[in-house]
Amino acid sequence: MNIIATVKQVPDPEAPAGAFRIGPDDRVMVSPTVSSVLSPYDESAVEAALQLRDAHGGKVSLVCLGTEPDDSFLHEAMATGADEAYLVVDDMFQNGDAFATAYALSKAIAKIGEYDLIVCGRQASDTDAGVVGSVIAESLGLPSATVIRKIEVVGDKLNAERVIEDGIEVLELPLPALLTMTSELYTLRYASVMDIMSASEKPVTIWSASDIGADAVELDDLANRSILRKQFIPVSQTQCEVIGGDSAQEAAANLAQALRSRKVI
Amino acid sequence: MSDNSGIMILAEAPNGKITGLTTELLGAGRRIADIAGEKVSALAVGAGLSGVEAELIAFGANTVYTVDDPSLGRYTGDAYLSVLEKVCQQLTPRILLIGHNSTGRDLAPRLAFRLRTGLAPDCVDLQIDNSTGALVAIKPAYGGNVMAMLASKSQPEVVTVRPKTQEPLERDAGRSGDVVKLDLGLGTLASRAKVLDRIMHTYTGIKLEDAEVVVSGGRGIGGPEGFKLLEELARSLNGAVGASRAAVDAGWVPSDMQVGITGKIVSPRLYIAVGISGSVQHMAGCSRAKTIVAINKDSEAPIFERAHLGVVGDYKNVLPQFHETCRELLVG
Ligand SMILES: Cc1cc2nc3c(=O)[nH]c(=O)nc-3n(C[C@H](O)[C@H](O)[C@H](O)COP(=O)(O)OP(=O)(O)OC[C@H]3O[C@@H](n4cnc5c(N)ncnc54)[C@H](O)[C@@H]3O)c2cc1C
Ligand SMILES: Nc1ncnc2c1ncn2[C@@H]1O[C@H](COP(=O)(O)O)[C@@H](O)[C@H]1O
Numbered sequence: 171m172n173i174i175a176t177v178k179q180v181p182d183p184e185a186p187a188g189a190f191r192i193g194p195d196d197r198v199m200v201s202p203t204v205s206s207v208l209s210p211y212d213e214s215a216v217e218a219a220l221q222l223r224d225a226h227g228g229k230v231s232l233v234c235l236g237t238e239p240d241d242s243f244l245h246e247a248m249a250t251g252a253d254e255a256y257l258v259v260d261d262m263f264q265n266g267d268a269f270a271t272a273y274a275l276s277k278a279i280a281k282i283g284e285y286d287l288i289v290c291g292r293q294a295s296d297t298d299a300g301v302v303g304s305v306i307a308e309s310l311g312l313p314s315a316t317v318i319r320k321i322e323v324v325g326d327k328l329n330a331e332r333v334i335e336d337g338i339e340v341l342e343l344p345l346p347a348l349l350t351m352t353s354e355l356y357t358l359r360y361a362s363v364m365d366i367m368s369a370s371e372k373p374v375t376i377w378s379a380s381d382i383g384a385d386a387v388e389l390d391d392l393a394n395r396s397i398l399r400k401q402f403i404p405v406s407q408t409q410c411e412v413i414g415g416d417s418a419q420e421a422a423a424n425l426a427q428a429l430r431s432r433k434v435i
Numbered sequence: 004m005s006d007n008s009g010i011m012i013l014a015e016a017p018n019g020k021i022t023g024l025t026t027e028l029l030g031a032g033r034r035i036a037d038i039a040g041e042k043v044s045a046l047a048v049g050a051g052l053s054g055v056e057a058e059l060i061a062f063g064a065n066t067v068y069t070v071d072d073p074s075l076g077r078y079t080g081d082a083y084l085s086v087l088e089k090v091c092q093q094l095t096p097r098i099l100l101i102g103h104n105s106t107g108r109d110l111a112p113r114l115a116f117r118l119r120t121g122l123a124p125d126c127v128d129l130q131i132d133n134s135t136g137a138l139v140a141i142k143p144a145y146g147g148n149v150m151a152m153l154a155s156k157s158q159p160e161v162v163t164v165r166p167k168t169q170e171p172l173e174r175d176a177g178r179s180g181d182v183v184k185l186d187l188g189l190g191t192l193a194s195r196a197k198v199l200d201r202i203m204h205t206y207t208g209i210k211l212e213d214a215e216v217v218v219s220g221g222r223g224i225g226g227p228e229g230f231k232l233l234e235e236l237a238r239s240l241n242g243a244v245g246a247s248r249a250a251v252d253a254g255w256v257p258s259d260m261q262v263g264i265t266g267k268i269v270s271p272r273l274y275i276a277v278g279i280s281g282s283v284q285h286m287a288g289c290s291r292a293k294t295i296v297a298i299n300k301d302s303e304a305p306i307f308e309r310a311h312l313g314v315v316g317d318y319k320n321v322l323p324q325f326h327e328t329c330r331e332l333l334v335g
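As you go down the protein sequences, you meet chains P and U in turn.
Anchor point for the first sequence: position 181 equals 351 in my numbering, and the numbering is continuous, going up by one each time.
Anchor point for the second sequence: position 188 equals 191 in my numbering, and the numbering is continuous, going up by one each time.
Since the hints were derived computationally from the structure, they do not count as laboratory data.
Calculated lysine-lysine pairs in the DSSO-like style (CA-CA distance at most 27 angstroms, straight line):
#1 K197(U) <-> K320(P)
#2 K300(U) <-> K433(P)
#3 K327(P) <-> K197(U)
#4 K281(P) <-> K229(P)
#5 K293(U) <-> K433(P)
#6 K210(U) <-> K433(P)
Listed next, with one range per pair, are the computed distances between beta-carbon atoms:
#7 I403(P) <-> G208(U): 35 to 41 angstroms
#8 P73(U) <-> P404(P): 43 to 49 angstroms
#9 N18(U) <-> G193(P): 47 to 53 angstroms
#10 G40(U) <-> Q427(P): 47 to 53 angstroms
#11 E170(U) <-> G193(P): 30 to 36 angstroms
#12 K20(U) <-> N394(P): 39 to 45 angstroms
#13 P404(P) <-> K20(U): 30 to 36 angstroms
#14 R399(P) <-> K210(U): 34 to 40 angstroms
#15 G283(P) <-> A193(U): 25 to 31 angstroms
#16 R399(P) <-> G40(U): 19 to 25 angstroms
#17 R178(U) <-> G414(P): 49 to 55 angstroms
Fair warning: this is a prediction, and the values are worked out from it, not measured in the lab.
Where is the CB? At the ideal position from N, CA and C, for every residue including glycine.
With these hints in hand, go ahead and build the complete structure from the sequences.
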């Protein structure tokens, strides 16, 4: 079973609010003290892919649309067990939105060719959009489902548990298919020092726009459907009143009294 | 705007009853329609929709379109996609509002792609540009640390709207509107992703999304036992228990209790966050609460920048007395 996982590097989502500002060119600037990490839901996608490969054979390939030809992130990402990786980098894709990103990734995936399943994160933790996966599926004409917490292969089909309001739905999809993954049941395994060392030997293929046959006109049409007018940092006006007391018990009682005097309880 | 066919919202009415999110979409649609001098229509897709039309009108729809088909009782991707694609082609709405829930997340990106238009996902605010009449949708990014203002060059402008961010109108049975049954001639509607089973949670108490009081616990609770204290407090306050993702990922509580950007969005009168640091991703789920209370042992925790009232201390020492005093005040 050949599985492709899309993976993206993002600024650590746990970074403090003060680490973000908007630069003069209206782009988001993240403080250089914030490290880059694999987007958390992509970790779940990778873990799901590894478990399926371990159970059914085949290989796991990672695909990333990057901003620089630096492939060290993909070598690191392969340490947990992926077999190979592809990095698409081209000026043509710079500043691309979700649709442009999905276009580039779908072209790369089509070029990789033989796959049974594509897994993506349910949303990247920088864009928080949850768009790219579904649009890759549409571009490739694949059946898809979003926010999946568990995958099982049954014969030439798969069963996927989709998280819905108040419960889950068990879906059956024919292969090949695309699923976007959530975190509850797939926590990415650790990589040992040995794994990290041997991952540097694993192959990363770097492709340009022309390598994957990207068409400038098509890309332009996709990338210009939405306009990003402006970005800003939200300001919180909340003033917290910290309730004290001679002991924790007294503070607790004072808190209840404060809620009463504000007519909250 | 020359090609102007108003604002359409996608209504959801599982079991024949419109959802709270649907009334929020109608409220938002009505508000921007009034600014732009346009009409609001509701598109109800489902099975057995009689009765739903009147409710949608009572909550602000000028026109209700229904696509009533036994195969559309619950959301399935390809079938709903075919319906929406066809409806948008026929009725050419200028703006299409869809709720950012499990249906909207699955449907909207594929629909926008097929309609050759753009998408503004998970928006928390909708504005009309005074000079051009264009819609500007505001979408949080980086968990909520950054806000992006999005507009669209093509129509319909598809927007998914975050739950609990928009005010519904008061229900008014005196409102009038038209009902149009659509026959799209789509034939049999099948989806490649077939639903084999639906396993729904059963609730004994008050549903988290509907609760007026929510008591949530995070990693600081330290284990499943600690959540019992929260449950007891929630019961006394007539509320429900929520959790942070850290508590869910630790396996202490089920995932349907998660509050936040990828969990439930709540807007209670009172939100009590216990042992929760106050990450943006968590606060995105409760920032609309009228009063937020933090109980945390670390006075530097970011939650104290986002709460209205707080106590610095170990919850094990604070909660029992807090509960006790609340009980006294409630009976007294
Ligand atoms: C894309 C994405 C989506 C996410 N979605 C969500 C989401 O929907 N919901 C969500 O909650 N998170 C979400 N997260 C995770 C989020 O970033 C945080 O990791 C998470 O909210 C932290 O949970 P916490 O506050 O319980 O844990 P921590 O950050 O570890 O905080 C624990 C707190 O407990 C306090 N504490 C410890 N012991 C005690 C004690 N005895 N008494 C009192 N206080 C104590 C500590 O001082 C600390 O402040 C998301 C992350 C990403 C990247
Ligand atoms: N530049 C990228 N490279 C690889 N995968 C991506 C990229 N952007 C988005 N994705 C994938 O698509 C998912 C959803 O992204 P988004 O629609 O931006 O929330 C992510 O979790 C990734 O799996």
